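Colleague: The chain contents come next:
2 protein chains.
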Amino acid sequence: MSVRHFVGDVAAAATPDHDRGLAYGDGLFETMRAHGGAVHWWPAHWLRLERGAQALGLALPGQGRVQQELEALLDGDGGVVKLIVTRGAGGRGYAPPDPATPHWILSRHDAPPAVPAEGLSLRWCDTRLAVQPALAGIKHCNRLEQVLARAEWQVLRLQDAQIHEGLMCSTEGDVVSATAANLFVLHDGRWSTPSVDRCGIAGVCREWAIGALQAREARLAVTDVEAADAVFLCNAARGILPVARLGARVWRPHPEVSQLRRHLAAEHPAFATEVA
Amino acid sequence: MSVRHFVGDVAAAATPDHDRGLAYGDGLFETMRAHGGAVHWWPAHWLRLERGAQALGLALPGQGRVQQELEALLDGDGGVVKLIVTRGAGGRGYAPPDPATPHWILSRHDAPPAVPAEGLSLRWCDTRLAVQPALAGIKHCNRLEQVLARAEWQVLRLQDAQIHEGLMCSTEGDVVSATAANLFVLHDGRWSTPSVDRCGIAGVCREWAIGALQAREARLAVTDVEAADAVFLCNAARGILPVARLGARVWRPHPEVSQLRRHLAAEHPAFATEVA
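Protein sequence lines, in the order shown, are assigned to chains A and B.
Read in our numbering, the first sequence has 222 at position 218, and its numbers run on one by one without any break.
Read in our numbering, the second sequence has 88 at position 84, and its numbers run on one by one without any break.
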């Protein structure tokens, strides 16, 4: 793993003191799959970052500069690149500094493990997602709910060795997503995915899959998921993740999910090698 | 301002890479008033930190070591000391590292401005606090809601030059707190303060004031605040803050608030100088 820090346009040795990201989670991030030294979905990641920056009223570094540093970090290789952009340094207290110079951090990580051929095993998380329309959809750095949810089956790992991901409901009871992936369900030939206007994240791969499947965004109940004909998760780092099990519910591999994986492999070079 | 960084028991030059506080707001903080080289409410601050660490399942550094470094940083003086404790460094992804070595940061700041003699002017914030019982009460580092709320009247500052603080409601409509202070209201000789079991922070000065006033914790509506006989805010950095105005509503100085300020001044040396 390697990490590079920047303050505005200037490289730095580490995150400067009084960083608002560290103090308040006052920042945004993107987790991006790379292949051959480039991030195929870069325009979509940057667009989401811009939406988040508008919602939080924070300044972004120049897109060209970030892309240049990202490609330098990749140096022709693939894997996963994470970008964090924080509001920058500020004094004590919540008032956003104005003007502020954003801090940004690029880090490079190994490619995630290949998708299990048999599909993922899921559980329901006890931790709920709070309803907050002002922050819904964007990929901000306030992620304690996901940390608590993910810790649920880390603690239980001896009993629950086969769990790959957990599904989360909102405090209102709607199904929203997995801890680190969006969710799609098939009913009577029609795909749907939970709306992310009250909580949850508008994933870059979710966006792609909505277009590819002509999926609808909907409020989904627990019973809607358990009664589905097929289920998959997706995120920009791992692509399409077929689901085989959710608690006692078992699904056989579904041809539409396999077809979607081939579709993604044909469009996104990082996922081409994973599909037979 | 001066800042000191630690990784477990070891001093560090800066926050190490892959810090979970920066990535996810996966940490806790305390903002403490100091006087004569010591933090008078240190036991209460540490107790709240322990409650937060239990809720998040994160390890704290040794209390004695933190207190020793805090007093070294103060070097006999007063002001405000901020302590941030994060879960430490971790890999990409939400799963908490286990074991993890906490990162902690001490920073020293000037004492806040004296409380305006005429009392504070408040406004209602548009930004709401999401209801999340799993995180309610603790002083964690996911504070984007407070940042957005505080930014509301920063942007409006030309029109709203006299605004000192803003009150926030939950997404369910209950009044919770100011952006950086707890709230107390008087009705018919009885003080009450909003419950913090669904959202909000269990402030150290709030705890003190509940005891001093035999105040009750309650769900409060906007109309309960506007109909109150007297209102004050409080936090551990500034003590008791009388409120003079909330939008069009005006309150005269109330003898019970003045008396509470004298009571605090008699118990807490940092606030002794501020009361005539």
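Treat the hints as calculated values from the structure; they're not laboratory data.
These figures come from a predicted structure and were not determined experimentally.
Careful, some of the hints might be misleading.
[What the hints assert, rightly or not] Here are a few chain B residues that sit away from chain A, every Cβ distance over 12 Å (derived from the structure): (1) 12; (2) 21; (3) 86; (4) 120; (5) 130; (6) 220; (7) 241; (8) 267.
[Claimed, not checked] Heads up, simulated SDA-like pairs for lysine to any residue below, C-alpha to C-alpha not over 25 Å straight-line: (9) 143/B <-> 276/A; (10) 86/B <-> 86/A; (11) 143/B <-> 214/B; (12) 143/B <-> 122/B; (13) 86/A <-> 94/B; (14) 86/B <-> 20/A; (15) 143/A <-> 77/A; (16) 86/A <-> 119/B; (17) 143/A <-> 137/B; (18) 143/A <-> 214/B.
Each residue gets a CB set at the ideal place from its N, CA and C atoms; glycine is no exception.
Colleague: For each hint, tell me whether it holds in the structure or not.
Modeller: Verification of the supplied hints:
no.	hint	verdict
1	12	holds (17 Å)
2	21	violated (5 Å)
3	86	violated (6 Å)
4	120	holds (17 Å)
5	130	violated (9 Å)
6	220	holds (26 Å)
7	241	violated (9 Å)
8	267	holds (26 Å)
9	143/B <-> 276/A	violated (45 Å)
10	86/B <-> 86/A	violated (29 Å)
11	143/B <-> 214/B	holds (18 Å)
12	143/B <-> 122/B	violated (30 Å)
13	86/A <-> 94/B	holds (14 Å)
14	86/B <-> 20/A	holds (16 Å)
15	143/A <-> 77/A	holds (22 Å)
16	86/A <-> 119/B	violated (44 Å)
17	143/A <-> 137/B	holds (22 Å)
18	143/A <-> 214/B	violated (38 Å)
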